[in-house]
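Here's the letter readout for the chains.
Number of protein chains: 2
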Amino acid sequence: MPVNLPSPKKADLLAVSGIKLGLSSAGIKTVGKEDLVLIELVEGTVTSAVYTQNAFCAAPVILAKQHQQQTSPRYLLINSGNANAGTGEEGMQAAQACCQTVADLTASRSNTVLPFSTGVIGQQLPVEKIQTALPDAVKNLRKDNWFNAAHAIMTTDIVAKAVSKKIELDGRVITITGMAKGSGMIRPNMATMLSYIATDADVEQSVLDAILHNAMEQSFNRITVDGDTSTNDACVLMATAKAGNARISNIDSESAQKIAAVIDEISQQLAHAIVRDGEGATKFIEINIEQGHDDEECRQVAYTIAHSPLVKTALFASDPNWGRILAAVGRSGIKDFDLSKVAIYLGDVCIVDGGEPAETYSEEQGQHVMDKEEITIRVELGRGQARDTVWTCDFSYDYVKINAEYRT
Amino acid sequence: MPVNLPSPKKADLLAVSGIKLGLSSAGIKTVGKEDLVLIELVEGTVTSAVYTQNAFCAAPVILAKQHQQQTSPRYLLINSGNANAGTGEEGMQAAQACCQTVADLTASRSNTVLPFSTGVIGQQLPVEKIQTALPDAVKNLRKDNWFNAAHAIMTTDIVAKAVSKKIELDGRVITITGMAKGSGMIRPNMATMLSYIATDADVEQSVLDAILHNAMEQSFNRITVDGDTSTNDACVLMATAKAGNARISNIDSESAQKIAAVIDEISQQLAHAIVRDGEGATKFIEINIEQGHDDEECRQVAYTIAHSPLVKTALFASDPNWGRILAAVGRSGIKDFDLSKVAIYLGDVCIVDGGEPAETYSEEQGQHVMDKEEITIRVELGRGQARDTVWTCDFSYDYVKINAEYRT
Chain U
438 MPVNLPSPKK
448 ADLLAVSGIK
458 LGLSSAGIKT
468 VGKEDLVLIE
478 LVEGTVTSAV
488 YTQNAFCAAP
498 VILAKQHQQQ
508 TSPRYLLINS
518 GNANAGTGEE
528 GMQAAQACCQ
538 TVADLTASRS
548 NTVLPFSTGV
558 IGQQLPVEKI
568 QTALPDAVKN
578 LRKDNWFNAA
588 HAIMTTDIVA
598 KAVSKKIELD
608 GRVITITGMA
618 KGSGMIRPNM
628 ATMLSYIATD
638 ADVEQSVLDA
648 ILHNAMEQSF
658 NRITVDGDTS
668 TNDACVLMAT
678 AKAGNARISN
688 IDSESAQKIA
698 AVIDEISQQL
708 AHAIVRDGEG
718 ATKFIEINIE
728 QGHDDEECRQ
738 VAYTIAHSPL
748 VKTALFASDP
758 NWGRILAAVG
768 RSGIKDFDLS
778 KVAIYLGDVC
788 IVDGGEPAET
798 YSEEQGQHVM
808 DKEEITIRVE
818 LGRGQARDTV
828 WTCDFSYDYV
838 KINAEYRT
Chain R
438 MPVNLPSPKK
448 ADLLAVSGIK
458 LGLSSAGIKT
468 VGKEDLVLIE
478 LVEGTVTSAV
488 YTQNAFCAAP
498 VILAKQHQQQ
508 TSPRYLLINS
518 GNANAGTGEE
528 GMQAAQACCQ
538 TVADLTASRS
548 NTVLPFSTGV
558 IGQQLPVEKI
568 QTALPDAVKN
578 LRKDNWFNAA
588 HAIMTTDIVA
598 KAVSKKIELD
608 GRVITITGMA
618 KGSGMIRPNM
628 ATMLSYIATD
638 ADVEQSVLDA
648 ILHNAMEQSF
658 NRITVDGDTS
668 TNDACVLMAT
678 AKAGNARISN
688 IDSESAQKIA
698 AVIDEISQQL
708 AHAIVRDGEG
718 ATKFIEINIE
728 QGHDDEECRQ
738 VAYTIAHSPL
748 VKTALFASDP
758 NWGRILAAVG
768 RSGIKDFDLS
778 KVAIYLGDVC
788 IVDGGEPAET
798 YSEEQGQHVM
808 DKEEITIRVE
818 LGRGQARDTV
828 WTCDFSYDYV
838 KINAEYRT
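Residue numbers (my numbering), protein chains in the order written: chain U, 438 to 845; chain R, 438 to 845.
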């Protein structure tokens, strides 16, 4: 039951000139389900990527990073159903073998292929199944496959996540299309989260890197479902230079800011979609921390609230048990914390003022906010000018059910 | 369904000379339930206490700390059903009024009374109900009331937690009896956790403080149910000096070590009881981190595993999804982490060796360990000699149920 998250419509997802997507069914987890996506990037495409910060990162992450340092990527290979994580040397060889097969089938070098895997951790990748299915994926490489690809990369996702936008630069129409998957193990620094955003704009590497970094900090790095960071996260931004705009080589230029704003928007929309489809989610929660001494302490308070099982279960129950929010703020570990300056709001309703229960607060007001599907929690720390925002969801029976039964 | 936690037997709980406990029903949450405990300490009792580190600590915690600085406690007043937390100035006055009533009824000064509250946060304490019920509690002050008191302080606890032990010092029999409550909001630095341990031994203040501090570090400060730290935690250690042993004034003396060992044991037993009765718990988990560079990083890894909802739901499902443990170790944030030295064990079964899946591992072995009610997870970091242990429980449907329905 994703929270206010309609499935994308096939017709709304725009092809990006220079990008083709091929699909196939390797039967990794479910026979017949499409679980393999091959993305072909036209020569000259500039690619930027960020990966999980989990020290135990998966074999495909290690290999993708290596390949990206060696040459410009021409293919992205994504499989769902198996994360190829915690698989040691055998897992590395498996990822390499898959890249090699793509190279053989497309007459390219294997280090131009970036591998991505998502699914269960600790089982060896069924390499032969993938190799057997790959020719099919190569055969059906098409520009208009975004809709199907967004479905093929899903694991515990209920709804596919994809969006397209258009802007004009230099009188040329620029298209940006992105897709993502993920609904559990979601946490700052990314988590079983894969996201691919492509544009036909012409953007220099350093500018593309900056755009991706900034977009991440306002989207995928500010969402959390359960505080767990996956071994496999990756976010890739591709620019094919097929739209014919003047090459964007300065991050401060009007063109760069214009396309950055759209990529921010798409990233945030995809990141929110992941939270809305959070495992077992019934509520979408925005947590705003304001008046902090610095950004870091704002995030610290935000994540303490966002990760509190007691807050999350109260949100699930639509229970304005704001004492749990207050307790979470109190234990967030901020130094020299002057509580008498703290205010806490549930939606527009002030629940704590000057560190004490707000005189104006009534249970009815709190209940009115909690009954909604989208809830904003705002905390004023009274310590400075910094602010930050984190998005999360509630904690329901279904979260436990999904994660207790994932492998069975 | 507490995990291997039998209810204490009334006959097993020994009176401690110099300590009387009185009970009463104020009807704070449930009419007729005993929810008020008054503990009377004989004159000359030495008392040591530690309190929650939550910045938003509750009114009774603030007041108990103040009173303890002013004079030697003679009474502890504990109510369950309402935490008197997040209640501002009115909450402080409420706590003071309750202490004053105890003082009036016992012809003592109000600052010799330490107040303790546990229950729902953010509602004003029903002072009149407590004041009305207090004469009854004073009237039935008895030495043999530990069993009933352990039940009266319960909130979401299913099983009462209390234990007694005897040792001999200087040819005198020394009795130590302790009780505790708590099953949610449990985390390092304590959490909706109240614990009272009394002995008739004669122990100097500084030695008693040291004994309590050491005991805490091996018990209540090493357990976690959900990572939430309460606003109300307190642990009190009382020594009445009624047993007639030679006053213990040196922490390194044989007598001090002997009584410290028993208090450690009682603290750990009570702390484990809290985890075994963790909200919705079906498994009791010990997490041992070894070969760390220092204690702090051992705790960091232990708590990352212990707080991972994905690990906790896999434990609930008896699913040897050890990849989730590996992912938690990987994201625990240790600096310069050389994964090739890491080994992970589930019970006696090695699952990761030299940073890679153990060749000897089989799913059957893992399943055999996971099917048990008591599971040990051991991680060797290969970085040094430090070690630490944390205890936790799994994460079940019932955790969500209990915390979603707590106020309704």
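Hints should not be assumed to be uniformly reliable.
A pair holds if it fits inside one copy or across any two, identical chains being indistinguishable in the list.
[Unchecked claim] Restricting the straight-line Cα-Cα distance to at most 20 Å, the calculated cross-link-like pairs of lysine to aspartate or glutamate (EDC-like) are:
(1) Lys502 with Glu727
(2) Lys446 with Glu605
(3) Lys502 with Glu526
(4) Lys447 with Glu480
(5) Lys502 with Asp773
(6) Lys502 with Asp731
(7) Lys470 with Asp773
(8) Lys772 with Glu733
(9) Lys679 with Glu471
(10) Lys778 with Glu527
(11) Lys470 with Glu565
Because the hints were derived from the structure by calculation, they are not lab data.
Okay, the hints, checked on the actual structure:
1. Neither within a single protomer nor between protomers do Lys502 and Glu727 lie at most 20 Å apart by alpha-carbon distance, with minima of 36 Å and 31 Å respectively.
2. Within a single copy, Lys446 and Glu605 get their C-alpha atoms no closer than 23 Å, and across copies no closer than 78 Å, so neither meets the 20 Å cut-off.
3. Taking CA atoms no more than 20 Å apart as the test, Lys502 paired with Glu526 passes inside one copy only; the shortest distance there is 16 Å, against 57 Å between copies.
4. In this homomeric assembly, Lys447 and Glu480 never come within 20 Å of each other (Cα to Cα): the closest approach is 27 Å inside a single copy and 80 Å across copies.
5. In this homomeric assembly, Lys502 and Asp773 come within 20 Å of each other (Cα to Cα) only across copies, at 19 Å, whereas the closest approach inside a single copy is 42 Å.
6. In this homomeric assembly, Lys502 and Asp731 never come within 20 Å of each other (Cα to Cα): the closest approach is 32 Å inside a single copy and 32 Å across copies.
7. Taking the shortest alpha-carbon separations for Lys470 and Asp773, neither the intra-copy value of 55 Å nor the inter-copy value of 41 Å comes in at or below 20 Å.
8. In this assembly of identical chains, the alpha carbons of Lys772 and Glu733 lie at most 20 Å apart whether taken from the same copy (12 Å) or from different copies (19 Å).
9. Taking the closest pair of Cα atoms, Lys679 and Glu471 never come within 20 Å of each other, the shortest separation being 29 Å inside a single copy and 76 Å across copies.
10. Only between protomers do Lys778 and Glu527 lie at most 20 Å apart by alpha-carbon distance; the minimum there is 18 Å, versus 56 Å within a single protomer.
11. Taking the shortest Cα distances, Lys470 and Glu565 sit within 20 Å of each other inside one copy (17 Å), while across copies they are farther apart (65 Å).
Consistency with the previously given hints fails for numbers 1, 2, 4, 6, 7 and 9, ordered from lowest to highest.
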